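S.K.: Spelled out from the first residue to the last, the chains are:
Protein chains: 2
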Amino acid sequence: MRTRPGRASTDAVDITQQTIGILGGTGPQGRGLAYRLARAGQPVVIGSRTLERAQDTAAQVGLGLTGHSNVEAARHSDIVIVTVPWEGHAVTLKVVRKELEGKLVIDSVNPLGFDSKGAYALRPEEGSAAEQAAVLLPETRVTAAFHHLSATVLTDPEIETIETDVLVLGENRTDTDIVQGLIDRVPGLRGIYAGRLRNAHQVEALVANLISINRRYKRHAGVRITDL
Amino acid sequence: MRTRPGRASTDAVDITQQTIGILGGTGPQGRGLAYRLARAGQPVVIGSRTLERAQDTAAQVGLGLTGHSNVEAARHSDIVIVTVPWEGHAVTLKVVRKELEGKLVIDSVNPLGFDSKGAYALRPEEGSAAEQAAVLLPETRVTAAFHHLSATVLTDPEIETIETDVLVLGENRTDTDIVQGLIDRVPGLRGIYAGRLRNAHQVEALVANLISINRRYKRHAGVRITDL
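Chains W and Z supply the protein sequences, listed in that same order. Numbering of the first sequence is given in the working numbering, commencing with residue 1 and proceeding in unit increments. Numbering of the second sequence is given in the working numbering, commencing with residue 1 and proceeding in unit increments.
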C-alpha cells in the first residue's frame, strides 16, 4: 500500500481552481499531460507557437480544453507547464517572460541527443533545462517535474491509472507542495519532492536511461521511489 | 507481481562459483554489499588500503569472508565491485590496474559534493565515475551498478529482502547480463539493464536526489522501474 508522504499545508491554494497552461501543448508529452489533467477535472489551456495547431489539438483532446498562442496561454494560466522540445526551450521562455512574472512554472523538458547508439544526455550551460528557466525567468517561481512519463501511456484513454512517481524539484517548499498537489490529482501518480534545481540535471537526463530500458525490454518504463 | 525481464543466456558463466572482490569493502556501502552477497551464498573477499582493516571487517561480517589488500583482493576475485569514496577512485584503480586485466568490474561510486544545502552531483572530467574507470582500465570489462542501495538497509540483518531495482550500465551485453545475474541472487533486488556507460553520470548523480528525498521524508529511498 503506497502512502502519500506528508507535506506542508497548501490550504492557501485551491489547486482544483487553478488554470494550467501547457506551453508546447501540441507535442505528444504536452498533449498527454493536458489530457490527464483535464480528465482529472483540472482547467487546462494549450499553448503553441501557432494558434491553429493549439486550437486543433484542444479540439482533438476535448474535455473543455482551449487552444492559444503560447503568450495567450501563459497569460490565461495560474500555473504553466513547459513541454517544448529542448531546441525551443530558451526561445519560448523569452517570448513569455513577461506573462510568467509571479507565476508558478513547472519545467518538464529533457535535454537529450540521439545517435545510432540511442539517446544521451545533453548538458545545458546553466546545468539543466530547469536552471536555464530560472535564469531566463528571474521573476517566476520555477520548479521542475513530469520528466519520466511516457506520452504513449499518458494519451492512452484505456489506461485509467498511471502507477508511477513524479519527482518534483524546486527552491521553495510552498511551490513544490503545490506541484505535488497537482500531480496527486491524476489517478496513480504521486508527487515526490526530490531536491533543489541544482539537482535537476540528472532527473532530466535519466530519460536517456528510460529510453534504453524501453528499447531493451519493449515497455514504457517509469520510476517509482521505494520505502515511501 | 514483478517479473525478471528476459536476458541473453549466461550459461557460460556459473555466477554462483565466481568470487566477488569488494574494493573499499570496509566502508558502509562495501560492507553492506559484501554482507548481502555472502548471505546469498556468493564467495566474497574484502579489499582495503590497509590489510588490518579489511581483516577486521571480514571478521565482523563473518559468513566466510576474508580480508586482503585491494591488490590481493583484486587478484583473488573473478568479479570486482568498486565501492571506494570518489576521492579515492582514480588512485585505487591505478593501483589494481594490472590485477583487473580481463576481469569484470562493477563500479558503484557516486561522485557527490556536500554543503549546507545538502548533496549535489560532481561532474568527473571523463563524464562519470564509470567512464573514468573505463579510461583508467582499458583492458578491463567495466560496468556500473549498485548506486542506489542504502547502506543502512544493506547492513540491517533484520531485513530479509530488499525490494528495489539495481540499474546496470555497460557496453557489452554478456557482461551486463552477468551483473544482472549477480544482483538477482540477493532476495528482492532486481537487475535492470539501463544503458551504456555514457549514460552513467545521471544514474550516479541521482543519489543526490535520493539523499534529498531521505532528508525530507526520513526514509531510505530506493528506485523501482515500473512496467517491467
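Hints are computed from structural coordinates only; laboratory data are not their basis. One should not assume that every hint holds.
A pair counts as met if it fits within one copy or between any two copies, since identical chains are not told apart.
Unchecked claim - Derived DSBU-like pairs: lysine-lysine, alpha-carbon spacing no greater than 35 Å straight-line: (1) Lys218 / Lys117; (2) Lys218 / Lys98; (3) Lys103 / Lys218; (4) Lys103 / Lys117; (5) Lys218 / Lys94.
For clarity, every value in this text was computed on a predicted model and none was experimentally measured.
S.K.: Now, for every hint given, state plainly whether the structure supports it.
M.R.: So, going through the hints one by one against the coordinates:
In the homo-oligomer, the alpha carbons of Lys218 and Lys117 lie at most 35 Å apart inside one protomer (16 Å), although the nearest pairing across protomers, at 39 Å, exceeds that limit. For a Cα distance limit of 35 Å, the shortest separation of Lys218 from Lys98 qualifies neither inside one copy, at 43 Å, nor across copies, at 39 Å. Proximity of Lys103 to Lys218 under the C-alpha cut-off of 35 Å is restricted to the inter-copy arrangement: shortest distance 30 Å between copies versus 39 Å within a copy. When the C-alpha separation of Lys103 and Lys117 is checked against a cutoff of 35 Å, the pair qualifies only between copies, where the shortest distance is 25 Å, while the shortest distance within a copy is 39 Å.
In this homomeric assembly, Lys218 and Lys94 never come within 35 Å of each other (Cα to Cα): the closest approach is 38 Å inside a single copy and 39 Å across copies.
Hints 2 and 5, counting from the list given before, are not met by this structure.
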